[in-house]
Amino acid sequence: MTAVGTQLPELLIEATPTFVVSTALATRDFQDVHHDRDKAIARGSRDIFVNILTDTGLVQRYVTDWAGPAARVHAISIRLGVPCYAYDTLVFSGSVTEVDGDELTVQVTGRGQLGDHVVGTVRVSGVTA
Amino acid sequence: MNAPAPYPNVTETILGAAERVKAAGECAPRPGRDPVNQPMINNWVEALGDDNPIYVSAEAAKEAGHDGLVAPPAMVQVWTMGGLHGQRTSDDPLGLMMGVLDEAGFTSVVATNCEQTYHRYVRPGEELAVGTRLDDVVGPKQTALGEGWFVTTRNTWYSGDEPVAEMLFRVLKFKPAAPKADTAEVLRPTISVDTALFWEGTAAGELRIQHCPACGTLRHPPGPMCVACGDDKPDYVVASGRGTVFSYVVHHHPKVPGKTLPFVVALVELEEGVRMLGELIAVDPERVTVGLPVSLALTKIDEELTLPCWRPAG
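If you read the sequences in order, they're chains A and B. In terms of this note's numbering, the first sequence opens at residue 28 and continues consecutively. In terms of this note's numbering, the second sequence opens at residue 261 and continues consecutively.
Just so you know, not all the hints are guaranteed correct.
Stated by the list, open to error - List time: in silico BS3-like cross-link candidates among lysine-lysine, alpha-carbon distance up to 30 Å: (1) 560/B x 515/B; (2) 519/B x 66/A; (3) 560/B x 435/B; (4) 401/B x 66/A; (5) 435/B x 66/A; (6) 435/B x 282/B; (7) 560/B x 519/B; (8) 435/B x 401/B; (9) 515/B x 435/B; (10) 401/B x 515/B; (11) 435/B x 519/B; (12) 560/B x 66/A.
To be verified - With beta-carbon atoms standing in for the labels, derived distance ranges: (13) 463/B x 43/A: 31 to 37 Å; (14) 367/B x 63/A: 15 to 21 Å; (15) 369/B x 120/A: 28 to 34 Å.
Think of the hints as simulated: they come from the structure by calculation, not from any bench. Predicted model, so just to flag it, every value in this text is computed and none were measured. No residue lacks a Cβ here, since even glycine has one placed at the ideal position from N, Cα and C.
Build out the structure end to end from the sequences listed, making use of the hints.
What follows is the structure in structure tokens.
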């Protein structure tokens with residue numbers, strides 16, 4: 028039985044340009060700021076940056092890496108902070124904040140060089156961790 | 261009929277448009293290009309580094325209690341993305357509101373919230389369609405990025421007639437803010453015959469280090485004569501603009517003209533060996549460490565003055 032306060036192991040994601048571009052395309056997001064550095068800079072960004080569909084995916088992966096394949100993900104809510112530019116490293120951390128029978132709420136933070144990039148919660152059941 | 265107001269009230273125009281779009285309800289569900297399919301799932305798990313076997317092994321999925329292979333829930337939005345040449349449909353509520361706000365001068369956009377709820381896992385072969393309705397338009401708000409409006413839409417994904425997932429999506433549509441501090445007020449350096457080469461360099465887009473042609477010594481700040489051999493006819497070399505933080509301070513108080521507090525001043529050890537002071541920008545002060553790799557970021561104040569600043573290397 029997983030208790031409130033259980034910490035998830037940290038996950039490091041190296042946001043290389045290859046990571047930023049391949050995840051943007053794998054999520055069918057063709058906005059130029061996610062693959063064209065010149066365009067991203069012209070629009071006032073420092074570099075290309077990770078797209079929001081990837082953030083949702085990373086938060087899901089972070090929780091299911093821990094929760095195991097039998098887990099069911101019911102909801103993912105994320106709030107975006109500072110951008111995650113190419114060459115940044117995201118450090119995901121998380122903890123269980125609610126237990127309701129088999130269903131847990133996990134709070135997740137992905138922090139980069141500039142500060143918190145993504146903060147969110149995941150509702151998940153069937154956790155075998 | 262009322263006479264038109266001499267100046268249109270932007271706020272009323274935006275709120276009026278929002279009411280009309282809201283009243284229209286959910287737009288006709290727009291089908292995804294392809295059904296839920298394994299090749300795109302494979303691309304996604306590869307790119308995201310997700311090793312969960314239920315997305316790639318029917319056996320593992322069955323063991324986990326599914327009827328067969330399932331798609332990652334977080335991919336739901338992927339199935340109905342517009343694609344490389346995608347255009348919004350004419351009744352798309354988000355597109356309609358973006359148009360209204362563009363016209364009103366709120367031209368930039370940033371996503372702020374995404375809340376997805378999954379009613380069940382979807383499986384390869386299912387054809388999804390997405391319907392969107394406008395939930396709320398709130399503003400004008402002063403934000404760190406500038407004055408803007410928060411636009412919230414709700415999407416529902418259907419497999420046939422069955423809703424399988426929902427999403428609240430919020431964007432901030434904003435007018436980019438003017439620089440926070442008036443950089444024209446920055447403290448200006450006193451430029452002497454010895455230091456002119458340095459400031460002419462930054463204005464020309466390069467970082468110059470004074471160099472002694474007699475003995476090869478590099479020195480900074482520039483001075484009239486070589487401290488190693490006494491030669492008084494220096495020239496310069498152009499630095500690569502790469503270095504590491506040797507030491508730093510975070511300045512919280514007092515106010516400094518032209519600067520937004522707090523800011524970081526770093527003593528940077530250049531890879532050429534000399535050390536140089538400058539502001540370290542685009543960094544959370546709490547994340548600065550001695551040894552942090554930095555690169556040059558020249559900040560043009562006006563035609564006469566360009567300041568050398570630093571930012572985390574990347």
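Here's how the hints hold up against the structure:
| no. | hint | verdict |
| --- | --- | --- |
| 1 | 560/B x 515/B | holds (21 Å) |
| 2 | 519/B x 66/A | holds (28 Å) |
| 3 | 560/B x 435/B | holds (23 Å) |
| 4 | 401/B x 66/A | holds (28 Å) |
| 5 | 435/B x 66/A | holds (19 Å) |
| 6 | 435/B x 282/B | holds (23 Å) |
| 7 | 560/B x 519/B | holds (14 Å) |
| 8 | 435/B x 401/B | holds (11 Å) |
| 9 | 515/B x 435/B | holds (27 Å) |
| 10 | 401/B x 515/B | holds (26 Å) |
| 11 | 435/B x 519/B | holds (22 Å) |
| 12 | 560/B x 66/A | holds (21 Å) |
| 13 | 463/B x 43/A: 31 to 37 Å | holds (34 Å) |
| 14 | 367/B x 63/A: 15 to 21 Å | holds (19 Å) |
| 15 | 369/B x 120/A: 28 to 34 Å | holds (29 Å) |
The earlier numbered hints are all upheld by this structure, with none contradicted.
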